[in-house]
Structure formats: C-alpha cells, structure tokens
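Peer 1: With my numbering as the guide, the letters of the sequence shown map in order to residues 1 to 319.
Just so you know, these hints were derived from the structure itself, not from any lab.
Among these hints, one or two may not hold up.
[As the list claims (entries may be wrong)] Distance windows between CB atoms, simulated: (1) R215 - L158: 17 to 25 Å; (2) M280 - R308: 40 to 48 Å; (3) A205 - R308: 41 to 49 Å; (4) L76 - F163: 19 to 27 Å; (5) F152 - V82: 46 to 54 Å; (6) F83 - L217: 22 to 30 Å; (7) W313 - F163: 32 to 40 Å; (8) A139 - G278: 31 to 39 Å; (9) V82 - T310: 28 to 36 Å; (10) A166 - A293: 23 to 31 Å.
Ideal Cβ placement from N, Cα and C applies to all residues, glycine included.
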Amino acid sequence: MSDQRATIPGLAGATLAATASLVLLDDAAVAGTARAGFWMIVMACWLSAALGVVNLAGTHQARGRRRRALDLMVPLLFGLTVFYLWEVAVRGFGVPAVLLPSPSAAATKFAHSLPILGADFVQTFIRGVLAGYVIGCGAGLLVAILAHRYAFLGRGLLPLGNFFSALPLVGVAPIMVMWFGFDWPSKAAVVVLVTFFPMLVNAIAGLNAAGHIERDLMRSYGATHAQALAKLHLPAALPFIFNALKINATLALIGAIVAEFFGTPTQGIGFRISTEAGRMAIDMVWAEIALAALAGMAFYGFVTLAERATTFWHPSYRT
C-alpha cells in the first residue's frame, strides 16, 4: 500500500510537467528552438513518470482485480511516457515531418483516414492473415498428430522445418505472387508457409511431453491410440500449441505485410506503406504502422485470453 501511495505524487508531478511542456510547444517561438528551461520540465516529467512506474511495478501485495489493474497500468504508463518523449523531442528539436512525424500528427492522420485504413485492414488482416493463419496452424497441428502416430514422419519433417524456417520472406513472397496471383490468396500462402512449421515443431514437442507414468497408466486402462490422444497427449500439448499460436499471431501479420510489397491490388497495409513512403507521406506510413501494431496486439491478446480460458489448470496460471 505504501508503494501505491508513493506513486500518486509521482504521477501527479508527471501530469503537471507534461501538460506544461505541451502547452509551451504550442507557442511557435518555442517549437523547434526549445532551450534548457523547457528540457528541465521534460526531465522532471520523465523522472516523475519513472518513479510512478517503478513503484507500481514493485507492488507485490495486490491481489485479484487490483493486481490485474496494476498489470495494465504499468505498460500503459510506460507507453504514454514513450509517446510523450517522442512528441516533445520531435517538436522541441523541430525535426522535419518527412523524417519523423510526431505522434499527434500520426494520430490526426489516422483519424482522418479511417475509410482507407479500414479497407487496408480488411484486405491484409481479414483476408490474408486470418485465412493463412487458420490453414497454416491447422495443417501444422494435423501433421504433428500424424507424426506423433507415425514416428518416421516426425524424423523426416523436423529437419525440413528448420530449412523452411530459414527461407527469406523477400525471396518467397514473389514466388507466391507468381503462383497465386496479386490478390489476397498469395498473401495467405505466405502466411501458411511462415505459420506451418512453428506449429508443427511446437505441437510435436507437446504431444511427446506426457511422462512415462501417464502413458503406462493409459496402457493399463487399455486405451486406444485415439483415446490416449484425446485424454492425455492433446491436453498435455495445449501449452505448446498455444505458444505456437502466439508466435504465429505476429509472424502471420509480418508475412502478409511483407508479401504485399511484391504485388497486390490497390489496397493493403503493405501496399499503402510502400506507396505512401514513395510519396514522402510519412504521417500516413506511421498511421498504417499503428494500424498493424494495434491489429497485432489485439490478435495476440485474443489468443492469450483463449489460452488462459483453455489451460487454466496449468501450473503457470495458478495463483
């Protein structure tokens, strides 16, 4: 409780210092020519925010909803501090927008470009990422189950997994575009390729995670292979499977965006980043980057929530 009380003055001081510095930056005489007094205010804000974050992160006595609230507040405050420092650095030093726009400029562009961003999101994420993610992860899990049943498949496929995982996306993406065309199926094919083997490797490891005692117990019950798979091996493999799903949640989005640099219709996050960078519209580029980051965070968070709901029995989730 004392740590939380000590946090209040730090956050209050950070808020006051941040407000004062941003108000000063609205003055055209300060923006781009900020002097020592201004940067002292910024330093005070940073130190106050750091004090608050450190105190919150060091709180170990909270439980239940308060613990979950603290777990959300620490990264939130840290992120706000980073964006604040970015904002004042760009505006205080007068960095040209063509090199690095301020977060406020990117946010304004984001708000004014929602129809374009929405169409790009549908093209890249809904069509390319989700389709490839489901097919790639599903196929990887299915092949892992077969490899668990027939050991020669695992011995043959795992070395191939290392080989295909090392293939550069910039080399694979143009080939997929030639095979499947310029629309979203070629992007989904790239996503299938980048998500298949992480799922395969993790699922095989998970299916083999059950101990000898558990396997002997299933044999003593006279369980068939299908029964042992459903009652023992798949439940034991769930943490490994969800680990692969979380890894693939980010790999899928990266793969689809990179693939769009090598041929796509006039929509998509990767297409928009490429074209707007060529036009020197860097604020739109950062708006698309923010869209991709938000989509990736939401997707990863959804998989994490599904993991907690499914593997609540695992020791890592016991409190």
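Peer 1: For which of the previously enumerated hints does the structure constitute a violation, in increasing order of number?
Peer 2: Of the numbered hints, 3, 4, 6 do not hold.
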